[in-house]
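Participant: Below are the chains, spelled out letter by letter.
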Amino acid sequence: MNYFVRKTITLIITLFIVSLLVFLAFQVISDPAAAMLGTSATPEKIAELREQLGLNDPLAVRYGRWLASFVKGDFGTSYAYSMPVRGMVMEKLPLTVGVVLLSFLLMVALSFPLGILCGRHEGGVADHIITILGQVGMSIPAFLLGVGLTYLFGVFFHWFTPGAYAPLRNGFWPWLGCLIFPALAIAIPRTAMTVKMLRASVIDEMGKNYVVTSYSRGAGNAVVLRRHVLRNAIIPVITFIASSMAEIVANCILVEQVFALPGIGVLLLSSIGNRDFPVVQTLVVFLAVWVVVINFIADVLYQLVDPRIRLG
Amino acid sequence: MKKILALFLAAALLCGVLCGCGGASNKDGKASDKETSTGADGNSIVVGIAQDLDSSLDPYSITAAGTREVLFNVYEGLVKADHTGAYQAACASGFDLSDDGLTYTFTLRDNVVFHNGKTMTAEDVLYSFETCAARTVDASLSAALSDVTVASPDPKTVTVTLPAPNPDFIAFAAYVYIVPADASGLETQPIGTGPFKFVSRSVQQNVVLEKHTEYYGTPAYLDKVTYRIFEDASAEITALDAGTIDLCAHLGVDQIAGLKSDYEVLEGTMNLVQALYLNNAQAPFDNELVRQALCYAVDVKQIMDLTEDGHGTPVGSAMYPAFTKYFDPALADTYPHDTAKAKELLTQAGYPDGFSMTITVPSNYTPHVKTAEVIVEQLKEVGITAKVNKVEWATWLSDVYGGRQYESTVVGFDASTLTAAALLARYQSTAHNNMFNYSNPEYDETYAKAAAATDDAEATQLYRQCLKILADTAANVYIQDMAEFVVIRGTLTGYQFYPMYVMDMSTIRYK
Amino acid sequence: MKKFNFNGFLWIGGLLSAVMSLLIVTGFFWRPYSTTAMNAADKFARPSLAHLMGCDDLGRDIFSRVLEGAGTSFLIAVFVVLIGFVLGTVIGALTGYFGGWPDEVLMRICDALTAFPSILLAIVVVAVVGGGKYTITWVLGLLFVPSFARIVRAEYARAREMNYVKSARLMGAGPFRIMFRHILPNVIAVMLPALTIGFNNAILAEASMSYVGIGVQPPDASLGRMLSEAQTYLKAAPHYVLFVALAIVLLILGFSMLSEGLQHRNR
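Chains as they are written, first to last, in the numbering used here: chain A, 3 to 314; chain B, 396 to 906; chain C, 8 to 274.
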């Protein structure tokens, strides 16, 4: 238990540092008062508004105030839309979360069978084909794959409608239908990498003495694979899969743009273009928290799967 | 930011990004079934637009042309422009002008119902005029409404008394949108009297309008219009290729290439003045000879050939052809393409070996960027080294439009109201939106006379003279009013081009 | 399998990267046409002997433009790897060789940074400081430092205990001489696959960011930007998109196969 407590404390400290860094970065680059006033800004007006907004308070006070309202769910007001950032973000969140989860599921569902197949039959025909395809798959960036999928399945075969998006409230299945191709575009390169990792890990494990011994004692293929090899082979892959969760989010930002999906990514990119810093800041905190939490979960899982490992 | 936008540029905007469509539609209609079925009963359409609306949908805060284009269907004034540019009775059933040209008497229509179900009264009209005069972000409208007295002698009549005759007043009155006197929250939930009522908006995603069933005039044919926002030009084209969109305007010729037969292509004009705008206060552009040399060096015909396959209309001055009253096609011939002449003028001006210059362009307006790229090549031939500097729209607004920190830029200006003032007032040396820093006493004098003229014929004559001055002094390198293409699903009909930047949804119907 | 990998990946990858690099480097000095020369008659011309990849929306030669764009992407990637490599090596060498608390602290920071996908961090930094090719190069370069530093550190920590280092120390060589004259050459061989992967990631990150408009800014050309431009003319000129996409994929594929091959050789 000691381990989890320590980990949790580290998590909280990390989140605190991340939020502080993000806050400071955006304090440096944007003057909310000047941004709100635009060209009608005069030094007097800015000074007045700064006072009104409490921008003249010490940095620590402002940080505390910002953090308190952020935790309470008040993310400030967008410069570009003069509406609460919270509503804007929450509206887009289901889509991005959907794409990310779906990509993750696809990645796991595709890579485990393939990786184990390759590892089990190292040097076989299937192994060769999958290894080569994997190499190509890794070389196509997710956004480019998205462009290809759009034209092939959207414009050419009409399997889906590019640019159309059915919100979740109109039903689960149509919603999922809109997400499947973007999720594929993200999942395929990640799958290729995971297969490669898993394959190497399985091959490594298969060559170990205990596996050879098990076979020599007459244990069946399936039993050895399930009972010994897989359990051990998965351990090194877990960290990689966790980092995939972070990579998937990064790619989702790019792929949403390709598929014209109104999610977090499109909001982030257009807000960067609009210099709409309250939105950008909120999204950056969200993304950072996501990455930190994912790594925390990975560490904990790692510990659960293999209690021998004691990480600081 | 809002204030920057408030500088009423409307203009240039959109045209570029909007040009992001083209390609073929679906072969078998499979894909389109899905989208039409999302519209409640099939009598609905999806319109592709290239940018989100302004943050505020308040009738008097509209700044971007793209917002005006959508809300044209929601808000109405006492009068309303039709597709010929003539003003028709709207919330008023008619009006009279007193003989001294000072008092307009509007007779209010009986059966005007707001989108919130309330019937319009003289109270609402008075409120709208007062609020608009106090709050509008449009400087020329605000000027036209200053010192105007509005009164209601009886519940069916509203009189507007001007301090001096203004032949353009009716054009301005069309932009005093009538809203309920007790209205609040219009910035997020617009309420007007137009043929469509606002239903919802989702940031960067869509805007939904529905038919206003109690509309006093010819009712709209469509029950529902969904504006789908595509900030990425290629995504918009893909959506059109796949048949997701029923209607898409402001397209360039390249984007409609390869379109299949279930879309119909209509050609119109953008209704704007595209030019290489010069900072007249900055050397070497403070020299009229240099500006004229640039005019000779730029080959308008080649620009149109390269960027739009020859579509478009050369303008020659700060007016576009839809203003038939003021537009003079002869001005386009002031500076025929002539590299020798350009070099000669440059030598005279003291730049025999040319000079270097930067053309700042908003990066999201593809046609302007392409035009700038072509101009760079053309200027090379007279020894001028030009460089294209693409900037974000927000940067363009603050640095070029607001701060006037630029050498030259390619954009298009449209008219926020259907008046000469909307295009010409900005050239006065003291105008707050004179981003060209154009300063010419002769122009100021002529313009002032034109604005003060009470006789329409005289005013027209003077405005035409203003245009001639701008052309002769080469205020900017005027290029063209760009061609625009509207793609509409073959099963739809009734699209009308307006002499301004609007899309009228009320006339569109399924065949 | 090993034999197959060695022959296949190393040689095909090496050949592909060599051809691509050669083309790109040639492109720095000579291109068939000026990248800005326009010609209305050649608008959307199909590929031909005169224009190997056809022409774009303003009648400009696509091959020349792809060379130009690939050149920018290539140079950015080279400098990103260079920045990452130089700083990573210095940090990794010092922390790995000397150890102690600076090692602990720096490695913790590296761990924290590598947890974030580099594209995500780059987007965040661009959101704060703005885009452009120099920003992108520095940002990506700095973001690559931790991954290089870790590898180098591990090698140095290992080498510190090795006999050749011990004997060099006995012979009176100073720590910096040992670090950079004795150990570094051994480390570089191990670094090669990491360098090629880094190069790949840099190409990928730059292309992705430029594609969505927050990477390389005009007037600089880059493959990512060209792709987003070409995509608008898919119907009129499908070859435009195709060749740009192909350039991106071949560039990445070549170097990823090369790094794969190098890893196998090291094993």
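No wet-lab data here; the hints were simulated from the structure.
Where is the CB? At the ideal position from N, CA and C, for every residue including glycine.
Check before you lean on any hint, since a few could be wrong.
[As the list claims (entries may be wrong)] So, partial list: chain A residues that the calculated Cβ filter (under 8 Å) puts toward chain C:
id : residue
1  : 135
2  : 138
3  : 140
4  : 248
5  : 252
6  : 286
7  : 293
Participant: Let me know if the C-beta of residue 248(A) comes in closer than 8 Å to any C-beta of chain C, holds or violated.
Facilitator: 5 Å, holds
Participant: Does residue 286(A) pass the interface check with chain C, least Cβ-Cβ distance below 8 Å?
Facilitator: OK, holds: residue 286(A) within 8 Å of chain C, min 5 Å.
Participant: Mind checking the CB of residue 135(A) against every CB in chain C and telling me if the closest is under 8 Å?
Facilitator: Where the cut-off is 8 Å and the nearest Cβ of chain C is about 12 Å from residue 135(A), the hint is violated.
Participant: Please check whether residue 293(A) passes as an interface residue: C-beta within 8 Å of a C-beta belonging to chain C.
Facilitator: 5 Å, holds
Participant: Report holds or violated for the interface hint on residue 140(A), using the least CB-CB distance to chain C and a cut-off of 8 Å.
Facilitator: 6 Å, holds
Participant: Should the hint that residue 138(A) touches chain C count as held when the rule is a Cβ pair under 8 Å?
Facilitator: At about 6 Å, which falls below the 8 Å cut-off, the nearest Cβ of chain C leaves the hint on residue 138(A) intact, so it holds.
Participant: Quick one, is the residue 252(A) hint okay against chain C at 8 Å, beta carbons?
Facilitator: Holds, because the Cβ-Cβ distance from residue 252(A) to chain C comes to roughly 4 Å (cut-off 8 Å).
Hint 1 from the earlier list is the only one contradicted by this structure; the remaining hints agree with it.
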